[in-house]
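*Asks:* Protein sequence lines correspond, in order, to chains A and B. Counted the way the UniProt record's numbering counts, the first sequence spans residues 1 to 255. Counted the way the UniProt record's numbering counts, the second sequence spans residues 1 to 253.
Please keep in mind that the hints were generated in silico from the structure rather than gathered at the bench. Quick caveat, the model's predicted, so the values are computed rather than measured. Heads up, the beta-carbon is just placed ideally off N, CA and C, and yes, glycines get one too. Worth double-checking, as some hints may not be accurate.
To be verified - Subject to a maximum C-alpha distance of 30 Å in a straight line, what follows is the list of computed DSSO-like cross-link-like pairs (lysine-lysine):
(1) B:Lys-22 <-> A:Lys-252
(2) B:Lys-30 <-> B:Lys-16
(3) B:Lys-16 <-> A:Lys-168
As the list claims (entries may be wrong) - Covered stretches of chain B, going by a simulated chain A footprint (3 or more residues, C-beta under 8 Å):
(4) 52-61
(5) 71-78
(6) 184-195
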Amino acid sequence: METTKNHFFSDLGVMLGRSMRHIFRSMDTIVTVTIMPIAMMLMFVYVLGGAIQAGTDNYVNYLLPGILLIAIASGISYTAYRLFIDVQRGIFERFHSMPVARSTVLWGHVLTSLVSNAISVVVIILVALIMGFRSSAGLLPWLAVAGMLALFTLALTWVAAIAGLSAKTVDGASAFSYPIIFLPFISSAFVPTESMPSVVRVFAENQPVTSIVEAIRALLSGQPVGNDIWVALAWCVGILFVAYIFAMRVYKKRV
Amino acid sequence: MRNASIQVKGLQKSYKEHHVLKGVDFEAEKGKIFALLGSNGAGKTTVVKILTTLIQQDSGTAIINGFDVASNPVSVRQSISLTGQFAAVDEILTGRENLVMIAKLRHLKDPHQIAADLLQRFGLTDAADRKASTYSGGMRRRLDLSMSLVGKPQIIFLDEPTTGLDPEARIEVWKIVKELAGGGTTVLLTTQYLEEAEQLADRIAILHEGRIIVSGTLSELKNLFPPAKVEYVEKQPTLEEIFLAIIGKKEAI
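Generate coordinates for the entire structure from the input sequences, incorporating the hints supplied.
*Replies:* Written as structure tokens, this is what we have:
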């Protein structure tokens, strides 16, 4: 195993370069993971925003965390898609029969997911800045936000890996992400949960997106984060842990 | 066989209740073409997957280039390459990028030069910077084969290399396979086409219901049957011969 271990990082780099090319050459991916969330942000701020009572004078500030989560949720459905295609087309078999560090075949996709989602998050934040998003947060809260988003991405990436590796059809590989993309709508991402009917409100207040949104919003506005950040972390780590175990089980069965 | 590149003894593999391989034995000589012949579902792909370290056998041994597939898969992987049933090329990358990627993953010096040489050799230079998704079936197979030759592996596994190809592309693949063996590479190919085995293989083994039922050279196999009788039959051209003659490829036969 010595000889392949030494190549772990160079192999991982090749895998990353490969899937990043896939993203940059796919108009569909770029539109879905960056343009769509930006369009949604424009629509909510300039069309619906005037009618929404979020209890804040800067609705972009209020909205941004939810938009970022939607972008990430759309992004990981493409991770599932790329994994599915690699398994179907025999690319995995080709790599696995070569003297490469085997784990890089899967980790390349995971790393790609982190890098590409980070890029779309940065682009969306830049657009939000133009739209009037302002944050009083210092370096440390920003790092906490970055870490929170990275953890959320990683957790969903392993959920995507389960779907991508076990799906029988292309549609199956990406369908799992629709409920995840929808979660922010039934959370405090767009409007405060106080305005919702009680059943919806109970769901909204106890699902992962609300705590993640609240934590990020508090960090960015320099407010005390309270319990939300711990609840958010627990959700992300929990999902990550369970999804990773299942994904590895499917992966071992598949290869 | 002293000069064996591939030695397989008593290979067994089951998937749940289904006993796919029931004790497969054969040896393939260095620098020769060995054909594993069998109908669909005979277990050919399972044999190839075990020999290329993709799956593990339940029992039996397989030695590739002197290395045991079960205990030393890394050394086996350094000696081999696999061209699977479906052209495993990255469709979003260009032909050149595909080759460069494989050269990098084999940790070779000067991946771009290696890619350029192989593109030239396989007549893909003009299409080198187009996405592989725009290639025809034959071109895709050529790219697939050229990717398998990156780093000059000593043993090449071709799992049904011509399934789904048109006659022209098939003859092209045959030519490449013959050249490879001519250059000292050991080739193990699986096929369900009897003609393909007859055209290419130095040795042929017939895999049937999980066992090798016969193996030998083509003339040895022919000797298993009653001696040839001389009969006079009017020779009609086959449709394939007509097709190839019309499109002007008869020199390739």
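*Asks:* Now tell me if each hint is right for this structure.
*Replies:* So, going through the hints one by one against the coordinates:
A threshold of 30 Å between alpha carbons decides the hint, and for B:Lys-22 with A:Lys-252 the separation of about 24 Å falls inside it, so the pair holds. A C-alpha spacing of about 35 Å is found between B:Lys-30 and B:Lys-16, which places the hinted pair above 30 Å, so the restraint is violated. Of the pairs offered as hints, the one joining B:Lys-16 and A:Lys-168 holds, with about 20 Å between alpha carbons and a cut-off of 30 Å not exceeded. Coverage of the segment 52-61 of chain B by chain A holds [criterion: at least 3 residues with CB-CB distance below 8 Å; count 3].
Counting residues of the segment 71-78 of chain B whose CB lies closer than 8 Å to any CB of chain A gives 3, so the stated coverage by that chain holds, three being the minimum. Only residues whose beta carbon comes within less than 8 Å of a beta carbon in chain A count, and the segment 184-195 of chain B has 0; fewer than three means the coverage is violated.
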